[in-house]
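Engineer: These protein sequence lines are chains A and W, in that order.
Just so we're aligned, residue 1 is where the first sequence starts under my numbering, counting upward by one.
Just so we're aligned, residue 1 is where the second sequence starts under my numbering, counting upward by one.
Worth flagging that the hints you see were computed from the coordinates, not collected in a lab.
Hints are not guaranteed to be accurate.
Unchecked claim - In the EDC-like style, the derived pairs of lysine to aspartate or glutamate whose C-alpha atoms are separated by at most 20 Å in a straight line are:
id	chain 1	residue 1	chain 2	residue 2
1	W	Lys50	W	Asp62
2	W	Lys448	W	Glu251
3	W	Lys375	A	Asp223
4	W	Lys407	W	Glu335
5	A	Lys225	A	Glu22
6	W	Lys407	A	Asp325
7	A	Lys225	W	Asp211
8	W	Lys443	W	Glu466
9	W	Lys448	W	Glu482
10	W	Lys375	W	Asp313
11	W	Lys349	A	Glu215
12	A	Lys329	W	Asp356
13	A	Lys330	W	Glu251
14	A	Lys225	W	Glu496
15	W	Lys407	A	Asp223
16	W	Lys443	W	Asp130
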Amino acid sequence: MHAKAPRQADVEGYSRRPSTLEWLNRYGTALFLVLMCLFFLAQNPHFFSLRNIANILADVSIYGVIAVGMTFVIITGGVDLAVGATLALASICAAWAVSLSGWALGPDWLVALAVSVLVGTCVGLIHGKITTWLGVPAFITTLGGMTVWRGATLLVNDGGPVSDFSEGLRWWGTGSLLRLPVPVVVFALVALAGLVVQRYTRFGRQVYAVGGNPEAARLSGVDVKRIETAVYVIIGSLSGLAGFLLMARLNSAEAVGGTGYELRVIASVVIGGASLAGGVGGIGGTLLGALLIGVLSNGLVMMGVNAYYQQIVIGVIIVLAVAFDTYAKKRIG
Amino acid sequence: MEDQLLLAAEGVSKSFPGVRALADARLHVRVGEVHALLGENGAGKSTLLKILAGAQRAEEGDIRFAGIALDPSDTPLARQQLGIVTIYQEFNLLPEMTVAENMYLGREPRRFGLIDWPRLSADAQAILADLDLSLDPRAKVRTLTVAEQQMVEIARAMTFQARLIIMDEPTATLSEREVQVLHRLVAELRERGVSIIYVTHRLTEVVAVCDRFTVLRDGRFVAEDLVADHTVADMVRLMVGREVEFSRRAESSASDEIVLRLDGISRARSARSPHATVLHRMSLEVHSGEILGFAGLVGAGRTELARIVFGADRCDEGVLWLGGGELRPLRSPAEAMRRGIALVPEDRKQQGCFLDQSVRQNMVLPSLPALSRWKYFVDERAEKKLVERYRIALAIRMPSQMTPMGKLSGGNQQKVLLARCMALHPRVLIVDEPTRGIDIGAKAEVHKVLSDMAASGVAVIAISSELPEVMAISDRIAVFREGRIVGVVAGTGADEQTLMRFMALGEAGPRSG
């Protein structure tokens with residue numbers, strides 16, 4: 001019945017009540033998130049304890065920061081598989097710099113933050129340049145990056161963890177600000193900045209244009225290569241920031257840090273409604289997607305579900321979300 | 001035997017939303033003849049070919065092949081197995097596979113359920129040898145020239161024991177010498193009793209290789225006769241003869257001021273794009289307030305020149321002057337736009353629109369620098385106002401500014417793209433096939449917009465494959481043929497038959513300003 005909705009009416013500007021399917025397609029993720037929370041609450045009343053909520057949010061924040069960057073990358077039609085490795089390299093370098101310099105260059109947290117973001121930015125710049133200059137597909141560039149940076153991480157400090165940071169540094173991972181965990185505040189600021197850039201800046205518009213139709217974007221005067229490079233720089237620096245938050249939270253920087261983050265991050269963006277073909281997506285959706293994955297993993301743990309089953313459930317939900325989206329788009333047209 | 005009908009299509013009709021592509025079309029092809037199917041762009045040739053190939057379904061009509069009525073629900077494969085094989089302009093070959101694999105794709109000889117490679121090779125070799133083609137069956141198609149790929153298509157047709165081969169513009173991208181080879185092959189096929197439907201714009205070829213011809217005009221059957229009984233001029237008259245459907249511009253606003261001057265723009269064949277049209281020393285002047293039409297066949301170099309002017313492609317030689325200043329290295333469309341050149345590209349969907357994104361985003365994208373605040377931010381109020389202004393000025397029908405572009409009709413999409421260019425306040429506006437695929441009412445509106453632009457002092461270049469359109473809107477018409485500008489004709493003095501001859505043969509017509 002939806003398929004037979006009068007298409008001409010759309011074009012002519014008659015208003016039409018959105019069909020159930022359209023409504024579900026738009027608000028389905030949010031609805032699913034609410035239902036899931038209710039389900040977990042029914043299973044375990046501690047699910048909604050302040051402590052647990054803070055826990056979920058802090059976990060989500062770390063990969064959520066990267067997901068904001070990934071939203072830009074995926075909207076251009078690209079992908080970054082190396083975010084976990086970038087995160088690990090950035091945090092190990094930062095921890096190493098702190099252990100060498102101590103307070104000689106200023107507050108240790110500032111040194112760690114600066115080094116972490118700088119390393120991430122450089123990695124992103126390398127990915128962006130290889131993709132645009134050499135024309136290597138981003139999938140391949142970052143697939144290579146994934147092992148290269150992980151390997152480089154193992155070289156720093158011979159693969160061992162660097163641990164035990166100062167109080168001031170750990171505050172960034174475990175402290176609280178305005179009664180919220182610090183990582184959550186950082187994530188909120190990053191997401192807000194992402195939202196503003198995406199909706200209200202020329203750059204944001206150009207990102208959509210590049211992903212929607214690169215040839216049309218070029219003929220509209222968009223410097224496609226510059227935009228593509230920029231999104232990898234953004235995701236690189238945000239991966240560095242996430243690395244800093246993670247090491248502060250764990251009080252340790254490890255070579256295996258951030259393993260598997262790429263999948264979580266990409267899943268957040270895709271569940272949030274972005275298309276891997278580019279041109280479609282948004283920070284708002286990504287936030288929901290990231291939250292959904294965070295709640296799901298936490299809720300399953302609280303229910304005492306075996307960790308292996310968790311992986312299966314998360315995988316199934318990702319595929320179902322995209323399958324529904326594809327189905328709905330086909331029916332709505 | 002000679003006069004036996006192989007294909008008899010009668011009363012074929014087909015409509016698309018807003019367009020009647022075929023109305024009571026007729027095509028009779030005899031056994032062992034080369035039959036030319038003639039008509040202008042939009043006459044319905046392609047639609048008829050697709051119906052014959054089984055790619056589209058006619059609404060009405062009766063098609064008999066070798067005396068048996070064809071099932072309208074046939075798939076292209078079913079038609080091929082009957083012996084009707086179509087060779088499209090864009091070949092259907094897989095570049096990474098070999099010649100032999102392509103010839104037998106999906107029908108490879110098998111042994112014990114596995115592909116019998118030696119036999120595949122031998123069968124392919126036999127057919128190639130039979131047609132006197134010196135192609136290596138093991139060569140990858142990617143390594144072949146366009147002409148060789150076409151031969152693979154013909155050889156593939158023969159693996160179906162084709163009785164009717166349909167060739168759609170087979171020589172559009174071939175060199176003179178390659179055309180000769182193709183014509184020999186066509187004659188060879190005819191000798192064997194294979195019938196060929198030959199679609200081309202080049203009427204000299206019709207005289208050279210075809211026995212009979214059928215003319216379509218506006219989707220209707222016009223004439224069928226022996227080629228030998230007619231001159232090229234006769235055929236042109238049959239193709240064109242229709243009432244003018246566009247009203248001519250009321251008055252010209254052309255001035256003497258030269259806005260854009262091209263001097264000796266050339267581009268040689270390059271290894272990177274071996275099939276692109278070679279451009280030979282193209283020179284032109286465009287005046288403020290005039291509409292300069294570009295007429296020519298597909299592949300004559302009109303779009304190629306426009307893209308060079310706009311900075312989308314590079315040229316090897318030549319100078320471009322804009323308002324007196326030399327512009328030679330235009331590196332990008334962005335630079336062209338900053339200097340006051342705007343382009344509405346040829347392929348609306350592929351090169352123009354962001355179909356999933358809002359009408360607003362589509363219209364304002366290149367104007368964002370002028371609509372920004374604090375350098376990086378978009379001034380949304382200014383943006384809304386701009387879109388609203390052009391919505392009213394061009395009567396664009398859209399539910400809201402946030403409606404996805406893909407939901408608009410073709411005519412409204414085209415108006416949005418025109419508005420995109422107008423918002424840049426260009427000195428030179430180039431429109432490439434501005435009314436392709438849009439309905440007649442929208443066409444008139446687009447023409448009005450172009451006239452108004454010219455009246456405001458913009459130099460407008462209009463590329464169109466519809467001659468009546470070019471004639472109706474242009475002050476002057478530059479005629480392109482095979483990478484050369486063969487002449488510039490005054491718009492008022494031009495008549496369709498002269499232009500058509502000029503485009504097809506390059507022979508001298510009335511020359512002026």
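Engineer: Regarding the pair W/Lys443 and W/Asp130, is the alpha-carbon distance no greater than 20 Å?
Structural biologist: This hinted pair is violated, its Cα atoms lying about 51 Å apart.
Engineer: Taking 20 Å as the top limit, are the C-alpha atoms of W/Lys407 and W/Glu335 close enough?
Structural biologist: violated (31 Å)
Engineer: Please work out if W/Lys448 and W/Glu251 have their alpha carbons no farther apart than 20 Å.
Structural biologist: holds (12 Å)
Engineer: Under the criterion that the straight-line Cα-Cα distance not exceed 20 Å, is the pair A/Lys329, W/Asp356 satisfied?
Structural biologist: holds (11 Å)
Engineer: Assess, step by step, whether the Cα of A/Lys225 is no farther than 20 Å from the Cα of W/Glu496, and give holds or violated.
Structural biologist: It is violated: about 45 Å lies between the C-alpha atoms, which goes past 20 Å.
Engineer: Against the 20 Å threshold, does the CA-CA distance of W/Lys349 and A/Glu215 hold or violate the hint?
Structural biologist: Distance of about 10 Å is within 20 Å: holds.
Engineer: Checking one constraint from the list: CA of W/Lys375 to CA of W/Asp313, max 20 Å. Satisfied?
Structural biologist: violated (29 Å)
Engineer: Need the status of pair W/Lys407, A/Asp223: alpha-carbon distance at most 20 Å?
Structural biologist: violated (27 Å)
Engineer: Can the restraint linking A/Lys330 and W/Glu251 be considered satisfied, given a maximum Cα separation of 20 Å?
Structural biologist: Between A/Lys330 and W/Glu251 the Cα gap is close to 49 Å, so the pair fails against 20 Å, i.e. violated.
Engineer: Holds or violated: W/Lys448 with W/Glu482, Cα cutoff 20 Å?
Structural biologist: violated (31 Å)
Engineer: Taken at face value, is the distance from the CA of W/Asp211 to the CA of A/Lys225 at most 20 Å?
Structural biologist: Violated, because 54 Å separates the two Cα atoms, which is more than 20 Å.
Engineer: Below or equal to 20 Å on CA atoms is what counts here, so check W/Lys50 against W/Asp62.
Structural biologist: holds (15 Å)
The earlier numbered hints that this structure contradicts are 4, 5, 7, 9, 10, 13, 14, 15 and 16.
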